[in-house]
Amino acid sequence: MRKILLCGAALLALAACSRDEEVQISDSTQAHWDYENPNWHNQGYSECAGLVQSPIDIVTTATTKATLPAITFNYSSFPVKAVNNGHTVQVNTDGNSSITYNGVAYKLKQFHYHGHSEHSVDGQFSPLEVHFVHQNETTGAIVILGLLIKGGGADNAQFAQYINSFPSVKNQEVTTTNTIDPLAMLPSNKKYYNYTGSLTTPPCSQGMNWIVFKDVVTISDAQLKKFTDLYNHNYRPIQKTGSRTVFESL
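Adding 120 to a residue's 1-based position in the sequence shown gives its number in the working numbering.
Please note that a few of the clues may not be correct.
Said to hold, decoys possible - Restraint ranges, calculated between C-beta atoms of paired labels, are given here: (1) Asp-154 with Glu-293: 32 to 42 Å; (2) Thr-220 with Ser-166: 30 to 40 Å; (3) Gly-164 with Leu-370: 34 to 44 Å; (4) Thr-192 with Leu-370: 28 to 38 Å; (5) Ala-274 with Arg-364: 29 to 39 Å; (6) Thr-296 with Thr-181: 37 to 47 Å; (7) His-161 with Asn-352: 23 to 33 Å.
To be verified - The calculated lysine to any residue pairs, modelled on SDA-like cross-linking and capped at a C-alpha distance of 20 Å, are: (8) Lys-270 with Thr-348; (9) Lys-346 with Thr-258; (10) Lys-201 with Thr-296; (11) Lys-185 with Lys-345; (12) Lys-334 with Pro-189; (13) Lys-311 with Leu-370; (14) Lys-229 with Lys-270; (15) Lys-201 with Asn-291; (16) Lys-345 with Asn-256; (17) Lys-229 with Asn-256; (18) Lys-227 with Ser-325; (19) Lys-345 with Ser-246; (20) Lys-310 with Asp-335; (21) Lys-201 with Ser-217; (22) Lys-346 with Asn-205; (23) Lys-185 with Thr-316; (24) Lys-201 with Leu-350; (25) Lys-270 with Lys-310; (26) Lys-334 with Asn-291; (27) Lys-290 with Tyr-351; (28) Lys-229 with Asp-275.
The set of hints was computed from the structure by calculation and includes no laboratory data.
Computed from a predicted model, the values in this text were never measured in an experiment.
In this text, a Cβ means the ideal position worked out from N, Cα and C, and glycines have one as well.
Modelling step: build the complete structure from the supplied sequences, incorporating the hints.
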């Protein structure tokens with residue numbers, strides 16, 4: 121692996137997404153799509169055929185080790201407002217949580233899950249992956265945190281709040297008085313992989329700054345089953361990395 125020191129400002133050239141709806145899982149006004157036929161570029165979503173798509177297989181022997189910027193978390197607890205949009209269960213935030221990355225602030229807009237994971241590491245998938253979608257209010261640029269999850273552990277209190285809010289009916293929204301702290305869902309070790317990619321669902325907008333945590337979070341098997349009982353095939357196939365560099369924090 122190459123070891124280099126990178127200036128944070130030169131890490132990635134991000135394409136700004138100025139429309140707030142870009143942070144949504146899908147746009148219901150567009151053509152129908154599903155995971156059974158993921159050739160979305162043939163269904164009216166031409167950008168899904170782009171060369172900078174996500175997810176990817178992270179090959180650890182091919183990453184570029186670097187001193188990457190630390191992520192500053194300005195998260196706070198908020199009441200769970202969950203939507204079953206037919207593709208996943210998405211939790212929309214109250215707009216008061218954010219991260220600062222490379223000197224730029226990004227508000228946490230929503231998080232949602234995929235089963236199994238969308239990203240793989242050395243060809244190995246995790247049973248679950250949660251995406252925390254952040255957006256800069258000025259430029260519209262997006263940073264997505266990818267969290268890999270496995271079973272075999274004890275019940276996780278924060279994931280319990282997520283699970284307990286699950287709307288079982290498509291297009292149903294549930295608002296509870298239970299609060300969730302997204303920071304408590306993340307691993308204590310914040311080392312990560314970093315690359316430029318896309319949304320993993322239509323419209324597959326490119327220029328997304330992806331941060332995938334290296335450590336896998338463990339929840340109980342019973343909790344994992346509640347996720348996969350609802351959606352267990354809501355993942356996009358691996359896309360070609362091509363000439364992109366995948367960075368790995370030291």
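Hints versus structure:
Look at Asp-154 against Glu-293: about 21 Å separates their beta carbons, and that is not inside 32 to 42 Å. Between Thr-220 and Ser-166 the beta carbons are some 34 Å apart, a value that agrees with the proposed interval 30 to 40 Å. The hinted range of 34 to 44 Å is satisfied by Gly-164 and Leu-370, whose Cβ atoms lie roughly 42 Å apart. Between Thr-192 and Leu-370 the CB atoms are about 18 Å apart, so this pair departs from the stated range of 28 to 38 Å.
At roughly 37 Å, the beta carbons of Ala-274 and Arg-364 sit within the given window of 29 to 39 Å. In this structure the hint that Thr-296 and Thr-181 lie 37 to 47 Å apart at CB holds, the actual value being about 44 Å. For His-161 and Asn-352, the Cβ-Cβ distance of about 25 Å falls inside the hinted range of 23 to 33 Å, so the restraint holds. For the hint linking Lys-270 to Thr-348, the alpha-carbon distance of about 12 Å falls within 20 Å, and the restraint holds.
The straight-line distance between the Cα atoms of Lys-346 and Thr-258 is roughly 37 Å, outside the 20 Å bound, and the hint therefore fails. Taken as a hint, the Lys-201 and Thr-296 pair is honoured in the structure, with Cα atoms around 7 Å apart against an allowance of 20 Å. Between the alpha carbons of Lys-185 and Lys-345 the distance comes to roughly 35 Å, so the proposed pair goes past 20 Å and is violated. With a C-alpha separation of about 15 Å, the suggested pairing of Lys-334 with Pro-189 holds against the 20 Å cut-off.
A distance of roughly 7 Å separates the Cα atoms of Lys-311 and Leu-370; the hinted pair therefore holds under the 20 Å criterion. For the proposed pair Lys-229 and Lys-270, the alpha carbon gap of about 24 Å is over 20 Å, so the pair is violated. For the given pair, Lys-201 sits about 13 Å from Asn-291 by alpha-carbon distance, which is consistent with the 20 Å threshold. With a CA separation close to 34 Å, the supplied pair Lys-345 and Asn-256 exceeds the 20 Å bound.
The straight-line distance between the Cα atoms of Lys-229 and Asn-256 is roughly 10 Å, inside the 20 Å bound, and the hint therefore holds. In summary, the hint linking Lys-227 to Ser-325 is supported, as the alpha carbons are separated by about 18 Å, within the 20 Å threshold. Among the hinted pairs, Lys-345 with Ser-246 is consistent with the structure: their alpha-carbon atoms are about 13 Å apart, no more than 20 Å. Taking the CA atoms of Lys-310 and Asp-335, the gap is near 8 Å; set against the 20 Å cutoff, the hint holds.
Between the alpha carbons of Lys-201 and Ser-217 the distance comes to roughly 14 Å, so the proposed pair stays at or under 20 Å and holds. Distance hint between Lys-346 and Asn-205 is fulfilled; the C-alpha atoms sit about 17 Å from each other, no more than 20 Å. At roughly 16 Å between alpha-carbon atoms, Lys-185 and Thr-316 fall within 20 Å of each other, so this suggested pair holds. For a cut-off of 20 Å, the pair hint linking Lys-201 to Leu-350 stands: about 17 Å separates their Cα positions.
For the suggested pair Lys-270 and Lys-310, the alpha carbons sit about 17 Å apart, so the restraint of at most 20 Å is met. A C-alpha spacing of about 33 Å is found between Lys-334 and Asn-291, which places the hinted pair above 20 Å, so the restraint is violated. Of the supplied pair hints, the one linking Lys-290 and Tyr-351 holds, its CA atoms being roughly 11 Å apart against a limit of 20 Å. This hinted pair does not check out: Lys-229 and Asp-275 have alpha carbons roughly 26 Å apart, beyond 20 Å.
The structure fails to meet hints 1, 4, 9, 11, 14, 16, 26, 28 from the earlier list, while all remaining hints are met.
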